[in-house]
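> Modelling step: build the complete structure from the supplied sequences, incorporating the hints.
If you want the building blocks of each chain, they are given just below.
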Amino acid sequence: MSTPLLSTDRLVKRFGGLLATDNVSIDVVPGEIHALIGPNGAGKTTLVGQLTGNIAPDSGTIRFAGQDVTRLPTHKRVHLGLARSFQITSVLREFTALENVALAVQAHAGHSFRFLADARNDEGLRGPARRGLEEVGLGQRANTLASALSHGEQRQLEIAMALAGDPSLLLLDEPMAGMGAEESQRMIGFLRALKSKRAMLLIEHDMDAVFQLADRITVLVYGRAIASGTPAEIRANQDVRHAYLGDDGMVA
Amino acid sequence: MIAALRTPRGLITALILLALAVLPLLTQAFDQRYLLSIGTRIVIWSIAAVSLNMILGYGGLVSFGHAVFFGIGGYAVGILSAHGVSSGWIQWPVALIAATLWAALIGALSLRTRGLYFIMITLAFAQLVYYVGGGLEAYGADDGLNISRSRFPGLIDLRDKASFYWLCFVALCGTLWFCSRFANSRFGYVIRGAKSNDLRMTALGFPVFRYRLVAFTLSGTFGGLAGILLANEGAYISPAMMSWVKSGDLIVIVVLGGMGTLFGPLYGTIAFFVLEESLPHLLDLMRKGWGEYWQIVFGPLLILVALYARGGIDSLLGRRS
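So the sequences go chain by chain: A and B. Read in order, the letters of the first sequence are residues 1 to 252 in this note's numbering. Read in order, the letters of the second sequence are residues 253 to 573 in this note's numbering.
Calculated directly from the structure, the hints in this document are not laboratory data. It is possible that part of the hints are untrue.
Claimed, not checked - Straight-line alpha carbon distances no greater than 25 angstroms define the calculated SDA-like cross-link-like pairs of lysine to any residue that follow:
1. A/Lys76 <-> B/Asn449
2. A/Lys76 <-> B/Arg364
3. A/Lys76 <-> B/Val526
4. A/Lys76 <-> B/Arg366
5. A/Lys76 <-> B/Val466
6. A/Lys76 <-> B/Lys413
7. A/Lys197 <-> A/His79
8. A/Lys76 <-> B/Leu451
9. A/Lys76 <-> B/Thr469
10. A/Lys195 <-> A/Glu183
11. B/Lys413 <-> B/Val526
12. A/Lys76 <-> B/Arg462
13. A/Lys197 <-> A/Gly110
14. A/Lys76 <-> B/Asp450
15. A/Lys76 <-> B/Ala356
16. A/Lys76 <-> B/Val460
17. A/Lys76 <-> B/Ala360
18. A/Lys76 <-> A/Gly49
19. A/Lys76 <-> B/Ser448
Set out below in structure tokens:
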């Protein structure tokens with residue numbers, strides 16, 4: 001196995017008496033999709049928050065792209081190549097789809113202390129933004145306000161924004177949430193095509209999607225990683241079946 | 253430019269700017285000196301309102317202490333003047349630097365908070381300066397201080413009311429020009445994006461705090477400019493120019509005119525002053541003595557705007573393209 005792009009070492013986060021992250025050590029290697037699953041309240045969101053820099057862990061370390069990023073603020077991690085999408089759709093609603101992606105491009109185009117030049121006809125931003133929208137299939141919707149896009153389109157827009165900085169790792173927090181079956185299938189195809197270029201840590205409730213996409217799966221229960229392995233290993237794991245999947249054969 | 257005149261908004265804005273540009277000629281022709289004095293204050297307050305709009309309208313940061321920059325700009329001019337430094341070439345840069353530094357300091361501390369806390373902390377800093385001003389016995393304390401106008405020998409005589417008005421008007425045009433560029437610049441997009449969704453902007457990789465701090469500081473610089481002009485307009489400084497009521501008036505003006513629009517603060521200031529000057533007379537005409545209670549009418553008017561014209565006066569002028 002190649003050197004991990006992202007790895008955590010015995011990460012711990014407590015909220016009062018609640019141990020939300022209990023000595024979690026996981027890693028993502030280049031070119032793989034590593035899925036993180038677990039029932040509600042398992043601490044997935046808390047873990048993601050620590051990886052992105054929104055939550056400070058109590059102990060343990062996070063390494064990304066060869067350096068210790070445990071105490072690094074969010075925007076610096078982004079510039080190292082760590083991009084994310086949100087569980088609850090998070091786009092700039094008052095801006096058009098094109099403006100949303102152009103801002104994502106701008107975030108990686110040096111500092112933005114430029115006060116006078118008009119950014120609306122700045123091809124250095126708009127050109128890559130247009131290409132990014134086309135890549136996710138939103139080319140026709142460039143000038144539509146983000147708030148007027150359908151839910152599925154907003155999820156696609158989020159992916160386009162996350163991809164704008166050409167990240168080496170994508171943190172996808174339930175990218176299929178709220179999508180219809182057809183939209184989900186399209187997203188799965190898109191993510192699979194993307195895999196060769198960048199690694200992904202996928203948090204997802206849709207088990208079909210997880211088992212179709214993931215190279216490795218880690219199961220989180222009560223803040224602890226109880227199992228980690230290939231989809232086949234996870235399917236066969238008794239602890240997982242008992243603690244999370246249930247014995248009723250939810251995973252066929 | 254010409255095409256913009258075909259829309260109601262463009263036409264009205266052009267007429268307002270034209271009227272403001274020739275106001276001294278009009279007031280002279282109709283022998284209404286008092287109107288020029290109101291006009292001067294409208295122009296100065298517009299500069300302050302445009303500067304507040306940069307952070308309030310575009311940035312979504314409700315600063316409840318913006319009048320403090322009237323005070324910082326004004327007191328810098330007044331204190332220098334009281335010590336015999338009457339040259340505007342010294343007074344004005346010192347005042348602008350003072351306002352800028354103070355804005356950077358307040359911003360660095362207050363921008364670490366959100367929402368209601370941000371409102372309270374900006375108000376607290378403004379009150380701090382207000383009470384310091386009231387305690388400066390050497391400069392008139394609460395009573396304030398009469399000062400002489402800044403001197404720019406050989407360039408312009410600020411004692412001439414028309415010249416001073418035109419200087420203020422040029423300053424307003426410069427402020428509006430900067431704001432128009434700023435709004436659609438890369439920097440403006442970051443500030444507006446952070447208003448829309450600051451968590452998203454951080455996740456995209458923007459150090460949002462740093463950009464907001466610079467916006468807050470710039471806003472303070474232009475607020476300081478308004479303070480310099482205000483002190484010169486009345487040839488007088490006092491803590492009253494930075495009371496929290498003035499800060500509140502500035503917020504009302506920006507909301508009334510249309511937050512996050514280029515000319516909204518200008519419309520808002522004109523509407524505010526026109527109502528403030530005319531409502532008492534109108535009510536007195538209805539019944540003698542009612543004029544004193546003009547705010548009973550003014551308050552509900554503001555509520556109506558807040559409820560039914562969310563985009564302020566600007567939104568009444570038609571859709572934006």
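> All hints, please: hold or fail.
Okay, the hints, checked on the actual structure:
1. A threshold of 25 angstroms between alpha carbons decides the hint, and for A/Lys76 with B/Asn449 the separation of about 19 angstroms falls inside it, so the pair holds.
2. Of the supplied pair hints, the one linking A/Lys76 and B/Arg364 holds, its CA atoms being roughly 18 angstroms apart against a limit of 25 angstroms.
3. At roughly 50 angstroms between alpha-carbon atoms, A/Lys76 and B/Val526 are farther apart than 25 angstroms, so this suggested pair is violated.
4. Among the hinted pairs, A/Lys76 with B/Arg366 is consistent with the structure: their alpha-carbon atoms are about 22 angstroms apart, no more than 25 angstroms.
5. Under the criterion of a C-alpha separation no larger than 25 angstroms, the hint pairing A/Lys76 with B/Val466 is consistent with the structure, at around 19 angstroms.
6. Among the hinted pairs, A/Lys76 with B/Lys413 is inconsistent with the structure: their alpha-carbon atoms are about 54 angstroms apart, more than 25 angstroms.
7. For the hint linking A/Lys197 to A/His79, the alpha-carbon distance of about 17 angstroms falls within 25 angstroms, and the restraint holds.
8. With a C-alpha separation of about 14 angstroms, the suggested pairing of A/Lys76 with B/Leu451 holds against the 25 angstroms cut-off.
9. Annotation: proposed proximity of A/Lys76 to B/Thr469 holds, straight-line Cα distance about 24 angstroms (limit 25 angstroms).
10. Of the pairs offered as hints, the one joining A/Lys195 and A/Glu183 holds, with about 19 angstroms between alpha carbons and a cut-off of 25 angstroms not exceeded.
11. For the proposed pair B/Lys413 and B/Val526, the alpha carbon gap of about 20 angstroms is at most 25 angstroms, so the pair holds.
12. Of the pairs offered as hints, the one joining A/Lys76 and B/Arg462 holds, with about 13 angstroms between alpha carbons and a cut-off of 25 angstroms not exceeded.
13. For a cut-off of 25 angstroms, the pair hint linking A/Lys197 to A/Gly110 stands: about 23 angstroms separates their Cα positions.
14. Our distance criterion of 25 angstroms between C-alpha atoms is met by A/Lys76 and B/Asp450, whose separation comes to about 16 angstroms.
15. For the given pair, A/Lys76 sits about 23 angstroms from B/Ala356 by alpha-carbon distance, which is consistent with the 25 angstroms threshold.
16. With a CA separation close to 12 angstroms, the supplied pair A/Lys76 and B/Val460 stays within the 25 angstroms bound.
17. A C-alpha spacing of about 20 angstroms is found between A/Lys76 and B/Ala360, which places the hinted pair at or below 25 angstroms, so the restraint holds.
18. With a C-alpha separation of about 15 angstroms, the suggested pairing of A/Lys76 with A/Gly49 holds against the 25 angstroms cut-off.
19. Taking the CA atoms of A/Lys76 and B/Ser448, the gap is near 21 angstroms; set against the 25 angstroms cutoff, the hint holds.
Of the numbered hints stated above, those contradicted by the structure are hints 3, 6, listed in ascending order.
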